[in-house]
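Participant: Protein sequences, first through last, are from chains R and V. Residues 1 to 306, numbered by our numbering, are exactly what the first sequence covers, in order. Residues 1 to 306, numbered by our numbering, are exactly what the second sequence covers, in order.
Simulated from the structure, these hints should not be mistaken for lab results. Certain hints may be false.
Heads up, the list lumps identical chains together, so a pair's fine if it works in one copy or across two of them.
Below 35 Å or equal to it, Euclidean Cα-Cα: the simulated DSBU-like pairs (lysine-lysine) are [stated by the list, open to error]:
{"hint": "1", "residue 1": "2", "residue 2": "234"}
{"hint": "2", "residue 1": "98", "residue 2": "209"}
{"hint": "3", "residue 1": "98", "residue 2": "2"}
2 protein chains.
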Amino acid sequence: MKCRICGKNAQVHLRQHNLALCRDHFVERFEREVERAIRRHRMFDRNTPVLVAVSGGKDSLAAMRVLHRLGYNVSGLYIHLGIHEGVGYSDLSLQKVKKFQETHGLPVHILHLEQTFGYTIPALVHRRRQQVPCSQCGTVKRYWMNRYAVEHGFPVVVTGHNLDDEVATLLANNLRWDTGYLARQAPFLPSTHPRMAAKAKPFVYLSEKETALYALFQGIDYVRMECPFAEGAKSIFYKELLNRLEERSPGTKLRYYREFLRFREEVLSSHTHPGVELRTCTVCGMPTTLEVCAYCRLTSRVGTQV
Amino acid sequence: MKCRICGKNAQVHLRQHNLALCRDHFVERFEREVERAIRRHRMFDRNTPVLVAVSGGKDSLAAMRVLHRLGYNVSGLYIHLGIHEGVGYSDLSLQKVKKFQETHGLPVHILHLEQTFGYTIPALVHRRRQQVPCSQCGTVKRYWMNRYAVEHGFPVVVTGHNLDDEVATLLANNLRWDTGYLARQAPFLPSTHPRMAAKAKPFVYLSEKETALYALFQGIDYVRMECPFAEGAKSIFYKELLNRLEERSPGTKLRYYREFLRFREEVLSSHTHPGVELRTCTVCGMPTTLEVCAYCRLTSRVGTQV
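Only chain R is shown next, with the shape it has when bound in the complex (with noise of 0.2 Å):
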């Protein structure tokens, strides 16, 4: 197969949208679908700070670089969980963060959610077995992602969900028709409380296989292995079931998440109420829906809090 730009021999051949690309078209057209995606949905300018959530994983060291090669203002902000598992899945991560920092010359700032949560993700999961760790753990993360930036000047937070993420998060909400949940999925939400940064995700029309080719072309070495405690995830086994659907009919993916964003414009965002009123949480003064959030609910639970 040739490259369609300059005809010599393909390395990407992108099922999707039926294209063959050399590496440095790959790399020119990923860029330019970064750039597209942050402009459509107005996400951020040249001038604003970002915070990437960096994990270690492809996408979060790839989205670092791209945006720092398309000339915006980024920096990082790595969670160290405490998870020892798994040959030690933390620090291993942390390596790789540690190590693209220093290649690529970007600042990662570094977290330890024993220090300031109290826990490890395995003491939390360890105390409270009745609930899927993904979703204790996501909520610790995003509250930290989120307080962080807040309070350090960082008026958005980046995360470097692709595609494959978007839509296995899409059929879950889907299949139990959320209406609430299915209206907050966006590529970009505004901040709608002063201590709430906005969230933006330049990658949701990205495959993974497109972040995982980008990341290998510009170098980066990161983190292959799953989470061990994400085993047997739902999300897991929706991607499964999603690719088997991609195989079948190239662009599944790719359409089921762009026309779900039009039908939440036309249909959705008429019907729900634009935005739930954000209220205060009265123990941290964090944005919530309830009286208190869900952080503060969870460290209530479990006792202590540093």
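Given the coordinates of chain R, work out where chain V should sit on it, guided by the hints.
Facilitator: Just chain V now, kept in the frame of chain R:
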């Protein structure tokens, strides 16, 4: 396992309800669920002559049987599609229908597509290779089912679509977020044109397994083979995926469908116009959304109409 009602040996286990039942209590429950669906959606009463679209398969024969047992005024219509492929699919189906008619003493009218439409389904498929057979066959069958009902005094057409059929269709519409198709997918569609029969699907809350068991327990002999033209159909592929979801989380299909109906009621019905204004086909006088109905457009493309 014991029957939850009477404590005798259970013959059926409905995982989605975590319910074990003996044969008699399964039948009782099945019939109660059908009655409940008919009432909930105000489909028809015991005085209304209803026409069941009979294919020779388990669902449609079970539908005739259960409606009769519940005291409804029921007749069947079998449309002979002229499919000789698959060791004589259509003739085999007709045999099963005739046997059912004799055994259960219920009237089934028979219509030969070659006489009314001028083509058998294989002849049509042969002429219009570019299209998916199921979609064309559906247009022709729906047209004649409705026309026969209207011309013979049946205000309601009943089909045996079960939960598995409905969620497969729902998933297909859902992956495209097709607002129009989603808005029209309902257990009951009332008539909105003088030459349109209402469409009722009393099995939508019952799984394929349940209708098969009911048919078995009622001594119904039915065609077990799939239509030979349906091989590789997307709907079969979607059913497989949905079966995997159901296996992992029993009850997923029923929740997906029920929550969809709630969503449709709450969100879609207020958004979309309540029923597209139906027009009258300028060729045949039957209802249509365009100037000429889908059936007449098809016949004008393939030529000859009887």
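Participant: Each of the hints needs a verdict: does it hold here or not?
Facilitator: We went through each hint and held it up to the structure:
1. Proximity of residue 2 to residue 234 under the C-alpha cut-off of 35 Å is restricted to the inter-copy arrangement: shortest distance 32 Å between copies versus 39 Å within a copy.
2. Taking the shortest Cα distances, residue 98 and residue 209 sit within 35 Å of each other inside one copy (24 Å), while across copies they are farther apart (55 Å).
3. For a Cα distance limit of 35 Å, the shortest separation of residue 98 from residue 2 qualifies neither inside one copy, at 37 Å, nor across copies, at 61 Å.
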